[in-house]
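Start from chain A and add chains B, C and D according to the hints.
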Amino acid sequence: MKLLYFAWVRQKVGVAEEKLSPPAEVRDVAGLMAWLATRSPGHADAFANPRQIRAAVNQDFAGPTALVAANDEVAFFPPVTGG
Amino acid sequence: MKLLYFAWVRQKVGVAEEKLSPPAEVRDVAGLMAWLATRSPGHADAFANPRQIRAAVNQDFAGPTALVAANDEVAFFPPVTGG
Amino acid sequence: MLTVRVQEAAFDPAAESAALAAGRQDVGGIASFTGICRADDGLAAMVLEHYPGMTERALEDIARQAMRRWPLTGCTVIHRYGRMLPGAPIVLVLTASAHRAAALESCAFLIDWLKTSAPFWKREEFADGTERWVEAKAEDEAAAARW
Amino acid sequence: MLTVRVQEAAFDPAAESAALAAGRQDVGGIASFTGICRADDGLAAMVLEHYPGMTERALEDIARQAMRRWPLTGCTVIHRYGRMLPGAPIVLVLTASAHRAAALESCAFLIDWLKTSAPFWKREEFADGTERWVEAKAEDEAAAARW
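Protein chains in written order, with numbering that gives the first Met the number 0: chain A, 0 to 82; chain B, 0 to 82; chain C, 0 to 146; chain D, 0 to 146.
The hints are simulated quantities; they were obtained by calculation from the structure and are not laboratory data. These numbers come from a predicted model, not from an experiment.
Estimated spans, in silico, between C-beta atoms of each pair:
id : chain 1 : residue 1 : chain 2 : residue 2 : range
1  : B       : Ser20     : D       : Ala21     : 53 to 63 angstroms
2  : D       : Arg4      : C       : Gln6      : 28 to 38 angstroms
3  : D       : Asp40     : B       : Pro63     : 50 to 60 angstroms
Straight line, CA to CA, 20 angstroms or less: simulated SDA-like cross-link-like pairs of lysine to any residue:
id : chain 1 : residue 1 : chain 2 : residue 2
4  : A       : Lys11     : D       : Arg131
5  : B       : Lys11     : C       : Glu124
6  : C       : Lys136    : B       : Phe60
7  : D       : Lys136    : A       : Gln51
8  : A       : Lys18     : A       : Asn57
So the derived list for chain D, only partly shown, Cβ under 8 angstroms to chain C, looks like this:
id : residue
9  : Gln24
10 : Asp25
11 : Ile29
12 : Ala97
13 : Ala107
Built from N, CA and C at the ideal position, the CB exists for glycine as well.
The shape of chain A in the complex, shown without the other chains (with noise of 0.2 angstroms):
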């Protein structure tokens, strides 16, 4: 699973960007976020507050619910900003 990561997840992180494969019990993007927050203090920093997080699988806007396969582009980021 390729994970991304933007704006102020991407510095808490640490990075922009990984590869990872979870466990079979990570179903979907709140599960994934659970799971994430496990990996690292920048992890558990980042994703502390899952309700301040918004999420894109395969560069769709995701919600908590959303289901996550193994080859699926999955990003992190806060609520946009643009325009």
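This is chains B, C and D only, laid out in the frame that chain A set:
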């Protein structure tokens, strides 16, 4: 009194501008239109249907009951179509 | 900054827009509308007549009204008169503000207002030699009334 | 005609606008909005980060949606990323239509949407060396929800 005509009102009256001294009983825009209609076949044609005509007195839009005085600039024209 | 012009010559939207932002750092957005002469129904040319004197006053009044109703940093209204070929720009409205909603709304307000309250009249000339005066539209009155 | 670009370089609103009208005579109006980097609170620079790939897809989706919802003859959305100094144009939306209401409404729709649904993030850098990520605004969500 300075009279100005625009668009098809001008075309029907036959002049863009004229100076006239209406009689004392002409007090308002409606009365002025009625009096102007008597001045020539062109005027009669232009003012045949006063409801199709809009007016401005001293460069402000004015309804049929707006007063007119000897030194006023009074303009007649169709509803505007700018923009 | 308020600019109103009634002119026969073409205008330069880029230069007008740059003028609204020049020398200031509180402009967050510039909304604009450019009205263009369409070639409907075999139109060969559009001739715009206006009421010199009253037009300038009326445009300045409405631009001032927009500056009062919305927190604008600037507002530009340029309306051409004379003979326009299809494709020619006829009218330009530009509004600048710290915030986009003020710029977008006041731009729509100004162009709606120009349609119903600026003393301009359009005559259409067609390829077959006929011509006709454009008639005012009820939908334009309705659009202006919402403000 | 639909143009979507995500780029670091500046854009040229006049050229983009000309492209929307070029070679056609059914364009009655072009609405535009240019978003500009303000210098609020001692801002020294604004850095825009985005999600390459998703951004282009998202912008193209929303531009297509605007073309379906309004009778547009064309639509252009250009959004910059990278470091912007105060006064720099950041985003450009242009909509062209036979009728002004379609152009003005779809332009407002697109810019409201960009604020809430395009994957961009702004970081502000201040003259005193501090920096902060811009937070999303509830009022932007409300503005987008009206569409």
